[in-house]
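Protein chains in written order, with the numbering used here: chain A, 1 to 224; chain B, 225 to 438.
For the record, the hints were derived by calculation from the structure and aren't laboratory data.
Incorrect hints may have been included.
Distance windows between CB atoms, simulated [said to hold, decoys possible]:
1) B:Val234 / A:Leu210: 51 to 61 Å
2) A:Val135 / B:Ser438: 53 to 63 Å
3) B:Ala302 / A:Arg117: 19 to 29 Å
Simulated pairs of lysine to aspartate or glutamate, EDC-like, Cα-Cα distance not exceeding 20 Å [said to hold, decoys possible]:
4) B:Lys342 / B:Glu361
5) B:Lys364 / A:Asp217
6) B:Lys282 / B:Asp418
7) B:Lys342 / B:Asp387
8) B:Lys282 / B:Asp388
9) B:Lys419 / B:Asp433
10) B:Lys365 / B:Asp388
11) B:Lys399 / A:Asp217
12) B:Lys419 / A:Asp217
Glycine residues also receive a C-beta, built at the ideal position from the N, C-alpha and C atoms.
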Amino acid sequence: MRSRADRAEAQVGSPSPEPARIEAAGTLHGASRRVAWLLVVGGLVGFAAAVTLLIEKIALLEDPTYVPSCSINPILSCGSVMSTEQAEVFGFPNPIIGVAGFAIVTTVGVALVAGARLQRWFWWGLQAGTTFGVVFIHWLMFQSLYRIDALCPYCMVVWAVTIPLFWYTTLHNATAEHLRVTPRMRPIVARAAAYHGVVITGWFLVIAALITQRFWDYWSTLLT
Amino acid sequence: MSKNVKISLVMVLAAAAALLVAANVAGDDSPTASTGDERSDRLVRPDSQRLSEASDGKVTFVEFLDFECEACGAAYPAIEELRDQYGDEITFVVRHFPLHGNSEEAAKAAEAAAEQGKFEEMYDLLFQNQAQWSHSEESKKDVFFDYAEQLGLDMDEFRTTYDDPATLEKIRRDKEDGQAVGVTGTPTFFLNGDKVEVSSFAELLAQIDDALAS
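So here's chain B without its partners, still in its complex pose (with noise of 0.2 Å):
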């Protein structure tokens, strides 16, 4: 064997070993995923923005969300078939799990609009208008601050709540909680505390349908 070829292959083997190092060091602190009660605590906050709620609260569906994802935009208008389908049958939820550059600032445009009630047209103006604002470097702070004023919303109360650490720290406790149940990316779904693991769109009705004949 070669030099080369010997010199290459120990790498690999550094490499390997380096990686189930950190794979175990980090398997010792990640926040362990709850199960029970502590995990549907963490599931659906009291504080959790609502689209709708379920009368007999039977079936809760969680979406783990993140504004400025492409794949959250996408799952967006089939999430708004369901909610035309279900409307108040299901409990709609909506976690924050902020990933990207203005992730932050339109959860926080969002959350300042849901102190005066207009949390989903705020949800539904930051999706529509998602191309606009997204993947820039910069703060869309002003873009936000711009639908609030199109939702007719007042604005010192808007810029007081969207300025309020508190909110800030509201959206990552909502990252927090999400990375302890489980969730690694955007959009994640939970139906009644499972997560939705579904191949097609057909497949999540039936579930959901399932979960309302139970």
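If we strip away everything but chain A, and leave its shape as in the complex, we get (with noise of 0.2 Å):
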């Protein structure tokens, strides 16, 4: 039985005692190959999201009276959403952001994935990238549910991969030591690389608790 601390420094340094879920990633190992995983899989299911909300805004915007595939009821509706002045935040609708930095995103993993070596540098502007992504939608979080009072599902998909891609992309920064990790601040990332999953667990259920709460209403009507 090995100590929680032993445990800590195996997830960050050496493979992880996990099994490998994926074995075709050649000469990446544990946490590094987590990583270029998830950037190929959350690019991809962001890219094809902001894509969807793109092609959909474009419908809208030929014919205002378009209702988009994603518009269910009320609460569960893109198209409240998409028109309005927050869908348009830079002047220029948001999914262009996400099909440029996602497309980005999934290029930087497969790279990874192909065995590529980055520099430094290169890791602090995938850090600068998805931080930017991360506050951006807990800002479009906010204004959908307590400005907007509507949820977009295709939007939500966003939200869903950006987190775990900013999460995984600061943890391998911070236990890789591409950002600076200051001697008192090293068993803080050795627990937090530890417990990665409670965290990202954590993260999403007080997102899903505000979410319920926000359109309560809504939802108790599903269940009568």
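Assembly of the complex is requested from the two constituent chains, each provided in isolation within its own frame, with the hints serving as guidance.
Following this line, the structure appears as structure tokens:
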């Protein structure tokens, strides 16, 4: 029986003790392989959602009466979300950011899976991008829940992938010391790396709780 | 199984349990969707606003709306088309279901205009100019008073009704009625007491035609 610290160390430095889910990753090990594949899968899912949103947005611009495929009811409604000014914060439709950003994320992931070794500053770029993404989607979440009062399913897919992309990129950058980690921070990083799943689960649960609470009246009608 | 996975699973299970408990508690005291007479009484009250009144009283179309909600604004042209097409064959009833920052204020403006027989005119103005006043943190009372002036209303009377607590009470009662009959968002439509669940305008027209023919 290894101590907790040992186990944390194992996840940080050497190959993960858990059986690797994907065998084909070649020279990558443990946490690096995890982040590589996460970038590929997360990037693709996010890309698909962003492209769909962009196509729906164009359809909506062509024909204002168009009802997007994800406008299911007053709460689950892309249409009401997409036609707000929050949907064009920077003066152009938000999904354009997603289409470009997730394409980059996917490409970086594929490069890593193919065995690329990237310079530190490249990782900083990825950190900057995912950090921007995670801040942005939380702002959008707030707008969606408390200002627009509707949820857009494709947008929620983007939320759901951006959080792990940010979290595991950060974790990787911290454990691989692409980011400067002070000695005092090291145990915290090790703890975070050991309990990475707890953090992400907690993060998702808080958001799920907020969504549940905000639209409680609606959800409760689905039960009865 | 690592501690990481174990703790995560426990968290998910705890959240699911909390949700179940909350759902049961809420289930007990949520307004029950009453049936029969009580329900139809709550769908349309004698003092509810009407855009038109059918002479034969056969078909009643009720819309629970929020003047600030975009989906309601998007439905507005369709409803206008419906009213063009059916006019006085159908009773169109408007109920308030305010959900946004200025929704109650807008509803108050509509009610205050109704006192002077200009409900429909205010309803049109609110929807046609929705983009100009919606989604704002601050009160748009001034904008609504401008509309009242445009409509040539007696402004003293308008102000009195607008600020009358009874007006707000009526709007909130509309919302309570809506919740009692199963409205959860806006716009929600009822055709002769049944919630309208259609995927297209054509389908809605077909349902109305059926109701008229029966």
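Tested hints:
1. B:Val234 / A:Leu210: 51 to 61 Å: Taking Cβ atoms as reference, Val234 (chain B) and Leu210 (chain A) lie about 21 Å apart, which means the hint is violated.
2. A:Val135 / B:Ser438: 53 to 63 Å: Distance hint for Val135 (chain A), Ser438 (chain B) holds at roughly 56 Å.
3. B:Ala302 / A:Arg117: 19 to 29 Å: violated, 58 Å
4. B:Lys342 / B:Glu361: Violated, because 27 Å separates the two Cα atoms, which is more than 20 Å.
5. B:Lys364 / A:Asp217: Violated. Lys364 (chain B) to Asp217 (chain A) sits at ~27 Å, over the 20 Å cutoff.
6. B:Lys282 / B:Asp418: holds, 14 Å
7. B:Lys342 / B:Asp387: Satisfied, since the Cα-Cα distance of roughly 17 Å is no more than 20 Å.
8. B:Lys282 / B:Asp388: Violated - the C-alpha atoms of Asp388 (chain B) and Lys282 (chain B) are around 34 Å apart, more than 20 Å.
9. B:Lys419 / B:Asp433: The given pair, whose Cα atoms are some 16 Å apart, holds under the 20 Å limit.
10. B:Lys365 / B:Asp388: The hint holds at about 14 Å.
11. B:Lys399 / A:Asp217: holds, 12 Å
12. B:Lys419 / A:Asp217: At roughly 17 Å apart (the allowed maximum being 20 Å), Asp217 (chain A) and Lys419 (chain B) satisfy the hint.
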